[in-house]
Amino acid sequence: MKHKVIHVILCSTVVLLALVAIQNPFSNQYVETVKLNASMMVEAVEDPLYEAILEHANKVNIPSINAKMDRVWKAMPGYNGLEVDVEKSYDKMKESGTFNQSMLIFKDAKPEVHLSDLDPAPIYRGVSEKPMTAMLINVAWGNEYIPDMLRTLRQHQVHATFFLDGSWVKKNPQLAMMIKEEGHEIGSHAYSHPQMSKLSVEKIDEELEKTTEVIKATVDETPKWFAPPSGDYNQLVVDRAHAHGMNTIMWTVDTIDWKKPEVHSMVNRVVPKMEAGSMLLMHPTESSSQGLDAMIKGIKEKNLLVGTVSELMSENRLPRNMEVDINGGSSSD
Numbered sequence: 001m002k003h004k005v006i007h008v009i010l011c012s013t014v015v016l017l018a019l020v021a022i023q024n025p026f027s028n029q030y031v032e033t034v035k036l037n038a039s040m041m042v043e044a045v046e047d048p049l050y051e052a053i054l055e056h057a058n059k060v061n062i063p064s065i066n067a068k069m070d071r072v073w074k075a076m077p078g079y080n081g082l083e084v085d086v087e088k089s090y091d092k093m094k095e096s097g098t099f100n101q102s103m104l105i106f107k108d109a110k111p112e113v114h115l116s117d118l119d120p121a122p123i124y125r126g127v128s129e130k131p132m133t134a135m136l137i138n139v140a141w142g143n144e145y146i147p148d149m150l151r152t153l154r155q156h157q158v159h160a161t162f163f164l165d166g167s168w169v170k171k172n173p174q175l176a177m178m179i180k181e182e183g184h185e186i187g188s189h190a191y192s193h194p195q196m197s198k199l200s201v202e203k204i205d206e207e208l209e210k211t212t213e214v215i216k217a218t219v220d221e222t223p224k225w226f227a228p229p230s231g232d233y234n235q236l237v238v239d240r241a242h243a244h245g246m247n248t249i250m251w252t253v254d255t256i257d258w259k260k261p262e263v264h265s266m267v268n269r270v271v272p273k274m275e276a277g278s279m280l281l282m283h284p285t286e287s288s289s290q291g292l293d294a295m296i297k298g299i300k301e302k303n304l305l306v307g308t309v310s311e312l313m314s315e316n317r318l319p320r321n322m323e324v325d326i327n328g329g330s331s332s333d
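In terms of the UniProt record's numbering, the sequence shown opens at residue 1 and continues consecutively.
Everything labelled a hint here was simulated from the structure, so no lab data went into it. Hints are all accurate, no fakes.
Straight line, CA to CA, 30 Å or less: simulated DSS-like cross-link-like pairs of lysine-lysine:
no. : residue 1 : residue 2
1   : Lys59     : Lys92
2   : Lys59     : Lys94
3   : Lys224    : Lys198
4   : Lys88     : Lys110
Based on the provided sequences and hints, a complete structural model is requested.
Here it is as structure tokens:
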């Protein structure tokens with residue numbers, strides 16, 4: 001008997017709540033709003049203008065690129081696609097009632113797989129669909145050439161990623177701060193320029209932790225990119241860097257400036273190899289200092305931007321005035 005009473009009470013409560021919801025003016029208003037929006041959407045879809053925008057969108061939309069593990073280049077970042085915002089474009093053209101390609105509004109299409117989704121692995125380059133390159137400058141010596149290199153980068157309005165040796169930062173805090181104040185990105189290059197693959201877990205951690213601490217204390221920046229000294233690494237090094245919040249960065253093209261090459265021949269060897277997604281490695285040497293201007297000019301003449309590792313790895317599309325406009329429309333960028 002007791003169970004029957006409880007059952008009756010529960011049923012009555014449900015019925016009462018349903019009646020209240022139906023009679024609730026806010027519920028009625030919500031239902032009417034949904035009906036109105038649905039009706040407007042049906043009208044829009046049936047409008048030839050809407051169909052024209054949708055048809056054009058299907059022709060010009062650029063699909064996003066997922067981050068992936070490449071057999072040769074290891075971890076590679078993703079890149080946003082670009083697609084027509086059909087609803088906003090329709091609203092913009094609705095008053096005139098005619099399709100106008102120049103009035104199209106675009107929006108980014110996000111990848112489904114991001115660099116952060118991949119297992120820890122070294123990064124040798126960015127995606128070839130992004131017309132950009134990055135300059136990597138590893139610093140453990142060569143103080144006398146840094147001011148000239150900073151001057152050249154400033155003249156070209158270019159920012160690079162400087163990977164700083166921790167012991168170098170401790171000895172040269174003013175130079176480290178000068179690099180930061182010029183707007184360049186700061187990465188880690190370990191503390192004492194060791195052969196990282198030969199170190200124990202404890203020693204790897206010590207190299208990384210000490211470098212991060214001195215960089216943070218000196219320039220108030222926590223590095224998120226790690227360049228192994230001499231490019232020497234194994235999976236343990238990559239894993240430990242990842243555990244410390246850093247991705248391991250290698251390079252696509254090498255100036256080999258530590259061999260003191262003749263400047264003209266170095267430039268002529270390097271520039272032809274630079275393409276979208278490439279990362280160029282150099283050091284503060286006499287060769288790179290003297291050849292930096294020509295290398296930047298040569299890269300820009302190939303319609304490529306020069307930036308930091310973070311800019312190259314970012315999924316964000318470049319402003320469309322910096323890309324080949326294959327859509328013929330305006331962008332919300």
